[in-house]
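**Student:** For reference, the chains in residue letters:
Protein chains: 2
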Amino acid sequence: MDAGASNGRLRRAPENFLTAEQIALVGKGRRDFLRSTFLAAAAGVAGAAALGRPAAAAEGDDAILKPQPWATSLGQPVAANPYGVPSKYERALARRQSPGLTQVAAASVSFAPLQGMFGIITPSGLHFERHHQGWYDIDPAKHRFMVNGARPEFVKTPKVYTLDDIMRLPPVSRMHFIECGANTGMEWGNVAVPTVQYSHGMLSCSEFTGVPLRTLLEDCGADLKAAKYVLAEGGDGSAMTRTIPIELVLSGEVMVAYGQNGEMLRPENGYPLRLVVPGVQGVSWVKWLRRVEVGDKPYATKDEAVHYIDLMPDGQHRQYTSIQECKSVITSPSGGQMLLDKGYFNVSGLAWSGRGKISRVDVSFDGGVNWVEATLQTPILSKCLTRFNVPWNWDGRPAVLQSRAMDETGFVQPSYGQLRAVRGTRSIYHNNAIQSWKVADSGEISNVQIL
Amino acid sequence: MDAGASNGRLRRAPENFLTAEQIALVGKGRRDFLRSTFLAAAAGVAGAAALGRPAAAAEGDDAILKPQPWATSLGQPVAANPYGVPSKYERALARRQSPGLTQVAAASVSFAPLQGMFGIITPSGLHFERHHQGWYDIDPAKHRFMVNGARPEFVKTPKVYTLDDIMRLPPVSRMHFIECGANTGMEWGNVAVPTVQYSHGMLSCSEFTGVPLRTLLEDCGADLKAAKYVLAEGGDGSAMTRTIPIELVLSGEVMVAYGQNGEMLRPENGYPLRLVVPGVQGVSWVKWLRRVEVGDKPYATKDEAVHYIDLMPDGQHRQYTSIQECKSVITSPSGGQMLLDKGYFNVSGLAWSGRGKISRVDVSFDGGVNWVEATLQTPILSKCLTRFNVPWNWDGRPAVLQSRAMDETGFVQPSYGQLRAVRGTRSIYHNNAIQSWKVADSGEISNVQIL
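So the sequences go chain by chain: A and R.
In terms of full-length UniProt numbering, the first sequence opens at residue 1 and continues consecutively.
In terms of full-length UniProt numbering, the second sequence opens at residue 1 and continues consecutively.
Hints are computed from structural coordinates only; laboratory data are not their basis.
A couple of the hints might just be wrong.
One copy or two, it doesn't matter: identical chains are merged, so the pair holds either way.
List of simulated lysine-lysine pairs, DSS-like, C-alpha gap at most 25 Å [as the list claims (entries may be wrong)]:
| # | residue 1 | residue 2 |
| --- | --- | --- |
| 1 | Lys357 | Lys297 |
| 2 | Lys66 | Lys142 |
| 3 | Lys88 | Lys142 |
| 4 | Lys225 | Lys438 |
| 5 | Lys302 | Lys66 |
| 6 | Lys142 | Lys357 |
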């Protein structure tokens, strides 16, 4: 089946890197792209009278008139899958690697399919991946977590914990987003990757469960007045180590987590232990966490002195950036999709801030000249994704869709012009600029940069 | 491996219906039971100094001193599983059928493993199942949803919708619990099922996404003043039909849902469309939803006139009960587990109400004589699970653990004595009594009924 073929009233956009098998499935299931490219003849909900068909006109429609196999036979038994899986018609909704982006598939990225997701929770099976040495399914009985001090006086009683020790302690559960610092990184170089999966898909959101790191430091008799930073160290072969300011630990927000969305962490996400550092870039959420050291200076590890740094216009490196500033993106309609007719569309997207709650999202359909306020889905939680929706009537002429988020500190997501005035154009990390999706008069949607 | 064998400091409780293979995995992974049966020597967090071991004493501990394979080799590549799965060490955490409970495995139940879950979100792979005719993976392109009136004047323009039609409309996403009306049903007959998975496991909680049913009724020109009830009809062979009071529809809460936890519904949970009726028993959340009819009388369908009714003490049947009243249960420690020593335990559980938000949960350790207030995890959402936690120091003597929830309407979860005074003992459905877990001086925990 031709990926660009017309399917009823929809012309499917060829999703990048779909296999022929996946494309065939999409053709069968249809909704992965239809989700955001509905043909609409009416304006708004009140005018959505063209939806559906009068029941009297449904003659000849097998699906409604004739008994389907699922109405005339015994279905599958309970617990056919003791751990359930998605429908076979949903296989195209998957995380995907960007071929060529990295040299080694074990030290690479897979992106979450934001264009086909709802609400704010990321199913753990679609959570983005970023590994530096590949992922491991570590035997939890063999995993240990150590707390020690850079100098003996920083931690009175260094200790080694089993997972059981950690899970005995009073737990907390909180919903937080995690975003890789390199998310939207290609855009610095004006490489407009085609779809939101690849431009913003290093972003996920889960309910995490664990023990505040502060509890563990206190258990070891850490000197929380002398401490200025902690070093978090992963158990994988990449020697992943990151400096965390002690203020984040003292706030109680930093968590040694074992749970994600009600069950244990997934192996790709650090099973059995990872650090959760709400609001901070993903690299600091150290996976397969094996050690935290209490110190009084930043550690200048390779992953903060050489990588995950920002090359500024004056040629200097900005280091130790960590908070993911206020950002948003329209996930639907978005790049690679196609509008087939004029009329009503629901425009939906995600907003988030590493500094707290989202307070407002504005959406523009004309590249930033006029803005309308979007509806925010509740609950609006701190350092968590917030879903926004806004209705739009497309008049069939070229348009540019943008979203601009504001957080409770008053920070407003910058345009590319504003961001580059400060940061230049040679960075990789920490791009939170306003994303633009251009709608051509043909209905084709593409990724463009508007200063 | 003997399921009752001692494993370090833990004596595992033999989980019901585990296969030998699962038991072996539990022995390897350990934490599924350890989660709530930690050996504790200290009281509370401040006194948890016996946790972990001094790092200096860790000599000979391979796990911390010697490089593990995952630190010295390249791991698995990204997208090795385009749709991720849990760790192989977590296979014992699964939904399970109760053998013998039903005659046909397709018309049966699988229970969610509440004893091993965290927070409030149920991973869709562990969501409980209750089917009347088995489950189906319906081709969404062939599925239709119809709205019509019991009399022509009730719905001006009856319509047939495709899934694409539904997904075009402005969506809402909300987190809600779903509980089968028969949850905890065996307890009416004094059959104390051994574990919380079987006593309370027909309970799950997800972020659902869909379109308010009210929007669709308005789209068809329904007469919402004449309407008193709607009938919801499923597409499976069980002819599942349920009456829903129009007030619930008018409130905007009732949703024709296609999304669950960020992705499409799972086949076992009604893919591609199910009704979401917040606060109401699960049977009304009709799966594989194919039709809603607007009427002015209750429909007295088989699943509300013959099943899902309450036999009262005077011999009459109570019909059309629907709201799941305020209820709670301690999930850990719970039946089948075993405390191996005195000291600190975190007591954790879930509370919910079909009438709104949970306002308070009290916990008793002596069978209801004394009560302490538990900490409620935020956010506390309406008609959603709320997680509670409370510390406990076990003195080694027999104890009875209970939780008692209160909702924002002031409704207090009843004791079995209070419930039976009104409802008698011959019901199956709508048991929201206070659950008691008896801790023997041996540390063994069992299900008992306290009036």
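**Student:** Would you pick out the hints that fail for this structure and give their numbers low to high?
**Tutor:** Failing hints, ascending: 1, 4 and 6.
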